[in-house]
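Modelling step: build the complete structure from the supplied sequences, incorporating the hints.
Protein chains: 2
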Amino acid sequence: MEKLEFFKDEFIAEWGALGPAWGMTRTVARIHALLMISDKPLTTDEIMDSLSISRGGAHGALKELVTMGITKGTIPKGERKESYVGEKDPWKVFCSIMRERKRREVEPVLAILNRCLAASGEFHGDDARSFIDQLVHLKEFVDAGDRVMEKIGTSERGTILKWMMALVKSKRSPR
Amino acid sequence: MEKLEFFKDEFIAEWGALGPAWGMTRTVARIHALLMISDKPLTTDEIMDSLSISRGGAHGALKELVTMGITKGTIPKGERKESYVGEKDPWKVFCSIMRERKRREVEPVLAILNRCLAASGEFHGDDARSFIDQLVHLKEFVDAGDRVMEKIGTSERGTILKWMMALVKSKRSPR
DNA sequence: CAAAATTTTCAATATAAACTGAAATTCAGA
DNA sequence: TCTGAATTTCAGTTTATATTGAAAATTTTG
Chain A
1 MEKLEFFKDE FIAEWGALGP AWGMTRTVAR IHALLMISDK PLTTDEIMDS
51 LSISRGGAHG ALKELVTMGI TKGTIPKGER KESYVGEKDP WKVFCSIMRE
101 RKRREVEPVL AILNRCLAAS GEFHGDDARS FIDQLVHLKE FVDAGDRVME
151 KIGTSERGTI LKWMMALVKS KRSPR
Chain B
1 MEKLEFFKDE FIAEWGALGP AWGMTRTVAR IHALLMISDK PLTTDEIMDS
51 LSISRGGAHG ALKELVTMGI TKGTIPKGER KESYVGEKDP WKVFCSIMRE
101 RKRREVEPVL AILNRCLAAS GEFHGDDARS FIDQLVHLKE FVDAGDRVME
151 KIGTSERGTI LKWMMALVKS KRSPR
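Respectively, the protein sequence lines represent chains A and B. Going by my numbering, the first sequence opens with residue 1, and the numbers climb by one from there. Going by my numbering, the second sequence opens with residue 1, and the numbers climb by one from there.
Everything hinted at is true.
Here are the simulated DSBU-like pairs of lysine-lysine, each with C-alpha atoms no more than 35 Å apart in a straight line:
hint, chain 1, residue 1, chain 2, residue 2
1, B, Lys63, A, Lys139
2, A, Lys139, B, Lys40
3, A, Lys63, B, Lys102
4, A, Lys169, B, Lys72
5, A, Lys151, B, Lys169
6, B, Lys8, A, Lys102
7, B, Lys102, B, Lys92
8, B, Lys92, A, Lys151
9, B, Lys88, A, Lys139
Just so you know, the hints here were simulated from the structure itself, not pulled from any lab data.
Here's what the structure looks like:
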């Protein structure tokens with residue numbers, strides 16, 4: 001009974017379903033999953049065939065994975081077609097995703113917060129006061145998140161793991 | 001020149017645009033933004049009016065915010081209509097979002113990983129070996145993430161802030 | 001340089017998700 | 001229990017996004 005393929009497919013499907021939550025499309029995530037559990041580099045055609053997706057889709061998704069830095073394209077000796085290998089270390093994948101999300105999600109918020117705060121001198125009254133206060137609180141928070149993501153994006157597994165363990169073990173701090 | 005309203009609107013629009021990245025719809029995020037910068041509780045009608053959205057949309061979004069724990073519904077004394085107040089502390093909002101994302105995103109992955117690993121005894125050969133290895137690595141990673149999110153979801157601002165600062169200040173650890 | 005192989009692009013299409021608005025239901029007060 | 005106010009639901013519509021597939025562009029080889 002060949003269950004291996006069944007589980008591989010299931011894994012790919014589930015990983016793909018999670019994709020949108022991590023800031024990638026289902027197709028991008030499915031290809032990523034396929035490459036993670038593949039021993040050898042795969043060509044665009046193999047990927048298209050394996051996941052039943054179009055050439056255009058496979059192409060775009062691979063390009064995105066390469067841009068994110070979690071897949072590399074290579075042309076094996078003596079071949080014409082390009083093949084792709086996926087980063088297998090989940091920690092490295094995580095760091096790449098952090099970098100991407102920081103750039104796409106956190107930096108734009110900081111920009112708008114700074115823009116609003118820069119103009120805050122022009123506002124007057126209680127109404128303005130509490131709006132600005134709220135923005136200041138948000139900025140403290142987003143700044144901290146930004147720095148953390150920056151750090152994670154450029155750290156090694158060991159650093160992050162140690163840090164994670166530190167939090168999990170920590171006691172509740174008094175207010 | 002009344003620029004305050006302009007900036008408030010811009011803030012709401014930008015916050016809303018980020019919503020999908022945090023696992024909520026644009027409408028949910030816009031209402032959240034509106035409540036964050038509002039001094040007083042708002043009724044469904046005020047929200048509909050303020051953001052130009054339908055009753056159904058406002059209703060569903062508010063329900064979701066309440067479920068996530070970052071908005072509360074109250075009926076002010078002497079009123080008939082329900083009013084909503086948003087959680088203003090970004091750190092508490094962050095904790096709530098963590099709880100939600102852990103539940104919706106991390107736990108399902110753990111479930112599939114465990115399911116695959118439970119069945120792994122039935123697989124044989126090199127192919128199976130490397131698939132299982134990969135799953136084990138993933139599980140180590142996802143488990144760590146799960147614990148971290150659990151902890152964050154139940155921590156105070158002080159704990160998290162200290163922890164964040166610890167990472168930002170930390171030196172690169174040797175491999 | 002021409003032909004074949006491969007990659008890239010993009011307009012059209014399909015898919016999925018969110019939103020609307022009106023009808024149904026629930027609720028509170030008389 | 002009746003009535004008007006408020007909330008909730010949901011089928012239909014809209015909107016946004018992802019995917020297809022074939023044509024165009026590029027690259028490789030003889």
